[in-house]
Amino acid sequence: MTRPSKGTRKRARGVRMYLTLFALAIGCLGFASMMLKLAGKISWPYLLTGGIDCALAILLTILVDRKIPSSIRVIVPVALLLSLIGITQITRIDLEYAQSGSPTDFGLRQMIWLAVALALSSFAAAFFTDYRKLRRLSYAFMAIGLILLALPLLPGIGERVNGAKVWVKFGGFSWQPCEFAKLFLAIFFASYLFTHRDKFQEKSKIGRGRLPRLKDAGPLAAVWILVAVILVAEGDLGICLMFFALFTGMIYVASKKKIWVLCGIAAFVIAFFASAGLFPTFSSRIDIWLHPFSKQLYTRSYGSSYQIVQGLFALGSGGLFGTGFGGGYPALTPFANSDFIYSSLTEQMGFIGICLLLLMYLCLITAGFVIAMRTADGFGKLLASGLVFSLAFQIFTIAGGITLVLPLTGLTMPFLAAGGSSLTADWLILMILLLIDKSPRPVPDSENGTGLLDLSVLRRPR
Amino acid sequence: MNKSLRQLFIAVLVLFLVITCSTFFWSVIYAPSLDANPENTAAFYHEAGMPRGEILSSGGAILALSRKSGDSFNYQRSYPKGAAFAPVTGFFSIAAPPSQGVEMSYDKVLSGKGGGVWQQKFKSLFDGQEEGGANVETNIEAPLQEEAYSLLKGRSGAAVVLNAKTGAILTLASSPAYNPNLLAVHNPQEARSLYSSYSQEGAFTDLATQYLLNPGSTFNILTASLALRNGIAPSDQVEAPSTFKLPSGMVIANRVYYPLYTMESKMGLSSAFSHSSSTAFSILAQKFGARAMEKEAASFGFGFPITICGEKGSGSAMASSPSSLGDVGSKEALALAGAGQGGSEVTLLEEAMMVGAVADGGRIMKPELVKRTLSSSLQVLSSVFPTLLFSPLTSPQAAEIEAMMEKLTEVQDPSLGQVASVMAQVKDGSQPDRTNSLAAGFSASNPDTVVAVMLQNSTAPQAASLMGSLIKEAEK
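Residue numbers (numbering that gives the first Met the number 0), protein chains in the order written: chain A, 0 to 461; chain B, 0 to 475.
Bear in mind the hints are in silico, worked out from the structure with no lab data behind them.
Idealized CB from N, CA, C, for every residue including glycine.
You may find that some hints are simply not true.
Here are the in silico distance ranges between beta carbons for each label pair [claimed, not checked]:
#1 B:24 - A:220: 50 to 60 Å
#2 A:24 - B:196: 52 to 62 Å
#3 A:220 - B:186: 48 to 58 Å
#4 B:20 - A:258: 26 to 36 Å
#5 A:295 - B:288: 53 to 63 Å
#6 B:20 - A:97: 35 to 45 Å
#7 A:97 - B:429: 52 to 62 Å
Given these sequences and hints, build the entire structure.
Take a look at the structure:
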């Protein structure tokens with residue numbers, strides 16, 4: 000395989016920048032037309048922060064281009080467009096709140112957070128060249144992850160929102176540490192599984208010879224149980240599900256054994272029913288999942304189905320084509336800019352728009368899987384697969400919760416929902432994926448430079 | 000490891016397919032029933048967010064309009080003339096979908112969703128004007144409606160004024176009435192609690208079209224018409240004993256304050272009519288038989304709900320309760336029905352239509368609340384043309400009955416000039432110790448305008464005097 004010529008490489012870099020500029024153009028045009036339609040003007044804080052966001056996005060693209068030239072090109076532009084759509088929707092809901100007399104500035108804050116996320120990502124792209132160094136610190140990361148996860152339980156800084164204690168108030172602002180905990184624990188798990196991988200594939204002496212020995216699985220199981228206990232104590236089913244997906248996905252990839260998936264599902268089901276028995280919040284969520292339109296559940300003062308039913312009304316009002324950005328009444332649903340951004344976006348963009356949005360997500364996820372499959376490094380493979388599968392599962396859990404496929408959970412839509420911690424964490428996950436894509440590949444890649452997203456690796460080898 | 004990754008990827012594709020399907024279900028397939036859910040304020044907001052058309056009186060006075068509101072609803076519906084016009088306008092509230100008046104029957108026109116508004120929509124494609132609903136102009140004469148409501152206020156009753164020539168409803172008043180402005184508030188709790196208390200009070204029942212009562216001697220128009228059809232001239236003698244005993248032992252009696260009646264007496268048909276002799280018309284009804292009476296009643300519109308508002312595609316039609324003769328299978332029931340009692344029941348609207356047939360040479364025009372629909376620039380989009388609904392009488396028969404009605408002694412008010420009228424005082428269906436009263440008529444000098452009045456818990460002269468006032472007001 001010959002190295003592509005210098006000209007091809009230059010053209011390839013151009014493609015990455017064009018894509019970023021294209022995403023910025025669409026995002027900014029959408030934001031501006033929404034703003035001009037509803038507010039008549041774009042005030043200078045938005046212009047200023049928006050300008051900084053654009054500049055940082057271009058900087059990030061240049062840095063990725065220089066430092067990780069062979070990585071998949073669609074990731075940054077797609078994530079950028081998703082973030083901009085999120086900002087547009089959050090600002091649109093701000094404007095509706097302002098109209099009803101209680102102005103908010105979640106949109107502007109989200110823009111500032113995007114700048115922070117892009118700056119951190121640029122920093123990572125520029126200076127953090129070898130993700131494999133992370134392995135050395137894996138036990139430290141485990142500790143940090145667990146501490147972060149347990150942080151909301153501490154009296155004084157933990158905050159209870161909607162029955163779940165997953166927020167931390169620190170300084171002037173609140174953030175959700177679990178998003179970062181997920182990142183740290185994913186690194187630990189990937190590293191641990193990679194080191195002990197052979198033990199998981201090996202047959203043990205107990206049982207029918209399918210489970211690994213307790214000695215090998217012990218530390219992993221202990222951390223897993225600890226995570227589950229903390230999350231149940233915090234009372235959030237959604238994050239529980241996300242971690243479950245992360246671990247199960249990773250173990251399945253490492254061991255190739257379906258028994259692990261079954262174990263994971265069994266553990267989750269047990270935890271689920273235990274929580275349903277123990278916590279009234281849980282059982283009320285199941286009630287409203289099963290009977291959302293019941294009058295009694297709709298009107299009760301605590302834990303009513305009001306929010307989910309309003310979310311469904313928003314879906315219905317969107318229809319096939321949506322009301323357009325600026326149309327409709329998305330602010331009627333509580334938490335329309337965070338937990339329910341999926342339904343408020345469906346109202347604005349319609350079913351067709353939301354399909355395009357899901358395709359964008361699928362694009363990111365496919366890219367993640369391609370990265371996981373084509374990397375030669377086992378640690379990277381496990382890390383990428385865990386992160387990307389939990390991202391996919393998170394999207395499924397939210398959209399499924401809003402459309403009554405699952406009971407509703409308190410997760411937020413990646414890149415779209417209002418919330419700085421999740422936006423930053425999501426961007427860092429993407430950076431890790433891109434860095435993993437830098438690692439050596441077993442298959443010399445033919446497209447090194449030109450294609451957007453080479454799917455050949457997904458094909459079943461003959 | 001790539002094999003498990005490939006399987007994981009397929010699992011993700013399946014999960015995405017599931018959420019795509021579930022989103023499709025709620026946003027497209029199940030959307031219509033979500034939109035129809037009464038709790039769905041978003042659907043209401045969507046309607047309220049567009050300028051809804053105006054409802055106008057015949058003279059162009061605004062009965063309902065939408066103003067910019069500045070809150071998240073964008074527009075506030077208001078009714079400048081309030082409760083007086085409630086049976087006409089209906090209400091537009093967050094508490095319930097429109098279920099009354101023009102707001103219901105022309106919902107699609109007012110909201111711009113259909114009913115011949117496409118011309119306007121097509122135009123707005125080019126001139127870029129804000130897409131809104133069309134306006135609806137009613138036949139209501141605002142001063143007359145206001146006068147009727149102020150006369151009814153504090154009492155329980157209704158008034159209808161019809162143009163007998165065209166069927167135009169000039170007044171449709173009912174009391175007690177609800178205030179549509181209070182229902183149009185944007186606070187959901189407030190609107191809902193008021194809505195439910197109004198429903199419990201029965202304030203949404205339009206007494207003019209939804210309330211049924213015995214017609215009493217006003218029903219004599221119908222029996223007299225049958226008599227004329229059977230060749231009995233107004234001067235012909237008919238039996239009119241002071242009491243008439245039915246097989247069950249029940250007695251129908253002429254009202255005692257006519258001392259001229261004696262047992263087994265006879266009098267002219269015209270006198271029997273003008274003295275409101277119950278016995279005379281009971282006996283006539285028995286003589287003609289149930290079949291003939293039923294046929295006669297049907298020719299005057301009994302047995303049908305009368306649609307007074309709404310055209311094809313404009314919204315749910317607004318119709319009156321059907322008047323009926325009741326079951327006249329037995330001789331007794333037939334005799335009672337002949338006297339306007341027992342099972343025979345009419346709405347005030349039917350009463351006005353019966354008198355209208357007399358006033359307009361025997362024809363009953365379809366009562367119409369709405370005159371036409373107008374675009375936002377007041378161009379006519381569609382007009383409601385007068386249509387003949389029934390023609391129960393020939394012109395000479397109508398003239399003969401009119402002559403009988405003019406002789407009705409009790410209603411004569413010297414200041415009114417010659418008035419042709421009928422009146423009755425009947426038992427209240429739900430509370431037999433109370434009486435309701437009915438009066439309907441028209442001035443001989445202005446036979447096109449027919450007035451009908453109904454009062455609950457009152458006597459016939461009260462209804463008659465109210466009718467007189469409205470006839471006078473209509474002549475102005």
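Q.
Is 52 to 62 Å respected by the C-beta to C-beta distance linking residue 97 of chain A and residue 429 of chain B?
A. holds, 54 Å
Q: Take a look at whether the Cβ-Cβ distance between residue 24 of chain B and residue 220 of chain A falls inside 50 to 60 Å.
A: violated, 39 Å
Q: Kindly confirm whether 48 to 58 Å is satisfied by the beta carbon distance between residue 220 of chain A and residue 186 of chain B.
A: holds, 55 Å
Q) So does residue 20 of chain B sit 26 to 36 Å from residue 258 of chain A, Cβ to Cβ? A) holds, 30 Å
Q. Regarding residue 20 of chain B and residue 97 of chain A, is the given constraint of 35 to 45 Å on their beta-carbon distance met?
A. Since residue 20 of chain B and residue 97 of chain A have Cβ atoms about 36 Å apart, the given range 35 to 45 Å holds.
Q) When you take the CB atoms of residue 24 of chain A and residue 196 of chain B, is the distance between them in 52 to 62 Å? A) holds, 56 Å
Q.
If I claimed the Cβ atoms of residue 295 of chain A and residue 288 of chain B lie 53 to 63 Å apart, would that claim hold in this structure?
A. holds, 57 Å
Checked against the numbered hints given earlier, the structure breaks only hint 1 and satisfies all the rest.
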